[in-house]
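Okay, here's what each chain looks like letter by letter:
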Amino acid sequence: MLTETELVPIYREHTAPLYAFVSRRVGGDRGLAEDIVQDAWLRAIAVWPRRGAPDHPRAWLIRVARNLLVSHFRRRRPVPVDPAELELEDDSYCPETPWAAALVSWGLARLRKQQAQLLEAFYFDGKSTREIAQEYGLSERAVEGRLRRARQNLEKRLRPYVSSDAPLPRTKEPAADPVAALKLSEGGRRNA
Amino acid sequence: MPNKHEPDPQFVENLEWQIGSELRRRNRAGVTQRQSFRVMKIAALMLGSVVLGAAAMGASQQLGESWRRELLEARLEVQLQLAQQRVATQLQALGLTREQVELGLQTDNDLIYFELKIAQAETDARIVELELEELRQSGREPLGELSSPLVNGRDFVSERIEARMELARHHLMVVQSEQQRMQERADIGVVSEGDVAGQRIVTVEAEQQITTLQEQLEVRQSYLDSEITAVEAELRLLELEAQRQVVLADEQRQYFQQMLDQFQDAISAGSMHPAAEIQMRTQVAEMEAQLRLAQAELEIVQRELERRREER
Chain C
1 MLTETELVPI
11 YREHTAPLYA
21 FVSRRVGGDR
31 GLAEDIVQDA
41 WLRAIAVWPR
51 RGAPDHPRAW
61 LIRVARNLLV
71 SHFRRRRPVP
81 VDPAELELED
91 DSYCPETPWA
101 AALVSWGLAR
111 LRKQQAQLLE
121 AFYFDGKSTR
131 EIAQEYGLSE
141 RAVEGRLRRA
151 RQNLEKRLRP
161 YVSSDAPLPR
171 TKEPAADPVA
181 ALKLSEGGRR
191 NA
Chain S
1 MPNKHEPDPQ
11 FVENLEWQIG
21 SELRRRNRAG
31 VTQRQSFRVM
41 KIAALMLGSV
51 VLGAAAMGAS
61 QQLGESWRRE
71 LLEARLEVQL
81 QLAQQRVATQ
91 LQALGLTREQ
101 VELGLQTDND
111 LIYFELKIAQ
121 AETDARIVEL
131 ELEELRQSGR
141 EPLGELSSPL
151 VNGRDFVSER
161 IEARMELARH
171 HLMVVQSEQQ
181 RMQERADIGV
191 VSEGDVAGQR
201 IVTVEAEQQI
211 TTLQEQLEVR
221 QSYLDSEITA
231 VEAELRLLEL
241 EAQRQVVLAD
251 EQRQYFQQML
261 DQFQDAISAG
271 SMHPAAEIQM
281 RTQVAEMEAQ
291 LRLAQAELEI
301 VQRELERRRE
311 ER
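Each protein sequence line maps, in turn, to chains C and S.
Using our numbering, you'd call the opening residue of the first sequence number 1 and step up by one each time.
Using our numbering, you'd call the opening residue of the second sequence number 1 and step up by one each time.
For the record, the hints were derived by calculation from the structure and aren't laboratory data.
Errors might be hidden in some of the hints.
Stated by the list, open to error - In silico lysine to aspartate or glutamate, DMTMM-like type, Cα no more than 25 Å apart, as pairs:
| # | chain 1 | residue 1 | chain 2 | residue 2 |
| --- | --- | --- | --- | --- |
| 1 | S | 4 | C | 96 |
| 2 | C | 156 | S | 13 |
| 3 | C | 113 | S | 286 |
| 4 | C | 113 | S | 265 |
| 5 | C | 113 | S | 193 |
| 6 | C | 113 | C | 29 |
| 7 | C | 113 | S | 195 |
| 8 | S | 117 | C | 87 |
| 9 | C | 113 | S | 277 |
| 10 | C | 156 | S | 8 |
| 11 | C | 127 | S | 6 |
| 12 | S | 4 | C | 87 |
| 13 | S | 4 | C | 140 |
| 14 | S | 4 | C | 13 |
| 15 | S | 4 | C | 39 |
| 16 | S | 4 | C | 4 |
| 17 | S | 117 | S | 261 |
| 18 | S | 117 | C | 13 |
| 19 | S | 117 | S | 265 |
| 20 | S | 117 | S | 8 |
| 21 | C | 113 | S | 261 |
| 22 | S | 4 | C | 35 |
| 23 | S | 117 | S | 13 |
| 24 | S | 117 | S | 129 |
| 25 | S | 117 | C | 125 |
Stated by the list, open to error - Ranges between beta-carbon positions, derived for each pair:
| # | chain 1 | residue 1 | chain 2 | residue 2 | range |
| --- | --- | --- | --- | --- | --- |
| 26 | S | 311 | C | 6 | 36 to 42 Å |
| 27 | C | 3 | S | 104 | 36 to 42 Å |
| 28 | S | 218 | C | 131 | 55 to 61 Å |
| 29 | S | 154 | C | 38 | 27 to 33 Å |
| 30 | S | 78 | C | 130 | 43 to 49 Å |
| 31 | C | 38 | S | 211 | 21 to 27 Å |
Where a beta carbon is used, it is the ideal one built from N, C-alpha and C, also for glycine.
Chain C on its own, in the form it takes in the complex:
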């Protein structure tokens, strides 16, 4: 039986990283991030007493949180976003607003898992192609190729929802051509 004494140190060690993982994927939407983190912990409480706490609790919690996010974004219909808020080809891009993050996460929830994870690592965790290559045991060139294909798929999904007439608050001036603003050219990377 898992006791509260065993649970509390695990909780204190892993809650902040778990929250950060979720928060980055929802563009800092506190209400949503708190709901997902809470759900992930409640699932842990439902399973761990029966099977014991996993060897790597954070990996377990993050897997559950990712599934909850995918499930959440599969149910939701995205709100159109200003193209200036989606610079998907920028290596340092991370969706900063809840609506941009919601749209990207909505698109990722509709991609194949491998492609979604690759893009997640790139956009939300800020990993470089080198780091991703090391993690997946691939060459950097292979990662770049996969990222390019994944971006193309993501672009197709997001295109109907990228509009310079987006009604939500904007932080930047809208670009003239919404699709071009996605900067998802065949080249794969945005020129500096």
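With chain C fixed as given, assemble chain S onto it according to the hints.
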């Protein structure tokens, strides 16, 4: 300036309290225990408490040290404030969503989703409010067992179950509407029958939740009317949980079996890799094992209940 990806310390503290309470509740109820002797042990312990008398039991539950009571009261007060803030935030979000629906940017489904979130937040607030009131009136930790005593003639246990029931009804309404929408989309070929079957599990779970809560209320009433003993009341609670698990495990087993059949067809047609079948077979086997386990638990609890009825 705090990092926006860092959690609010109050949220972290509140959640720690919540999962701690949930873990204690689960450990107390023993719903996760698998071995029959565990069920017997719980029953024996509860019987011991009854034999020793309600007074002794009550005394052990009193928060003798005033600082403990104060600490718990402070925590509940903070929890109540948080829950009320959550209601206010969700109401604001609902207002924004309504505007978006009027502009045609979001659908009615988004509204339903927010209304459910508000109902959830209101229920959380109501339950904490009841716990705080119970603490203040009784001077001890709020009790959730079906055999808990009344407090100044007031039945806090049933009041909390009724609050949960209201939320469960709301939730059922939402999942039923989603089920209907999914079926309509399946009829025109936008989603697969597998998706419909997956949604069906969610609906069954929501229906089971209501059934379980209704039966909990009935068991509680039987206990208060002295028709059953405290041990029987808690055994009935274990029985309800086991029955719920049987229904859900069976529904999930059927779903995975249906998916397996579809996978086999796709593999035969050459549109799917054979490795997918192995994974799905494992899922089916796991659900079958869970179903057998739930049935075994149900049988043990029912046997013990029967034995006690005969003794009475």
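Verification of the hints:
{"no.": "1", "hint": "S:4 to C:96", "result": "holds, 10 Å"}
{"no.": "2", "hint": "C:156 to S:13", "result": "violated, 42 Å"}
{"no.": "3", "hint": "C:113 to S:286", "result": "holds, 23 Å"}
{"no.": "4", "hint": "C:113 to S:265", "result": "holds, 23 Å"}
{"no.": "5", "hint": "C:113 to S:193", "result": "holds, 21 Å"}
{"no.": "6", "hint": "C:113 to C:29", "result": "holds, 23 Å"}
{"no.": "7", "hint": "C:113 to S:195", "result": "holds, 18 Å"}
{"no.": "8", "hint": "S:117 to C:87", "result": "violated, 32 Å"}
{"no.": "9", "hint": "C:113 to S:277", "result": "holds, 18 Å"}
{"no.": "10", "hint": "C:156 to S:8", "result": "violated, 36 Å"}
{"no.": "11", "hint": "C:127 to S:6", "result": "holds, 19 Å"}
{"no.": "12", "hint": "S:4 to C:87", "result": "holds, 21 Å"}
{"no.": "13", "hint": "S:4 to C:140", "result": "violated, 31 Å"}
{"no.": "14", "hint": "S:4 to C:13", "result": "holds, 19 Å"}
{"no.": "15", "hint": "S:4 to C:39", "result": "holds, 20 Å"}
{"no.": "16", "hint": "S:4 to C:4", "result": "violated, 29 Å"}
{"no.": "17", "hint": "S:117 to S:261", "result": "violated, 37 Å"}
{"no.": "18", "hint": "S:117 to C:13", "result": "violated, 29 Å"}
{"no.": "19", "hint": "S:117 to S:265", "result": "violated, 40 Å"}
{"no.": "20", "hint": "S:117 to S:8", "result": "holds, 20 Å"}
{"no.": "21", "hint": "C:113 to S:261", "result": "holds, 23 Å"}
{"no.": "22", "hint": "S:4 to C:35", "result": "holds, 16 Å"}
{"no.": "23", "hint": "S:117 to S:13", "result": "holds, 21 Å"}
{"no.": "24", "hint": "S:117 to S:129", "result": "holds, 18 Å"}
{"no.": "25", "hint": "S:117 to C:125", "result": "violated, 29 Å"}
{"no.": "26", "hint": "S:311 to C:6: 36 to 42 Å", "result": "holds, 38 Å"}
{"no.": "27", "hint": "C:3 to S:104: 36 to 42 Å", "result": "violated, 53 Å"}
{"no.": "28", "hint": "S:218 to C:131: 55 to 61 Å", "result": "holds, 58 Å"}
{"no.": "29", "hint": "S:154 to C:38: 27 to 33 Å", "result": "holds, 29 Å"}
{"no.": "30", "hint": "S:78 to C:130: 43 to 49 Å", "result": "holds, 46 Å"}
{"no.": "31", "hint": "C:38 to S:211: 21 to 27 Å", "result": "holds, 25 Å"}
Of the hints listed earlier, those the structure fails to meet are numbers 2, 8, 10, 13, 16, 17, 18, 19, 25 and 27, in rising order.
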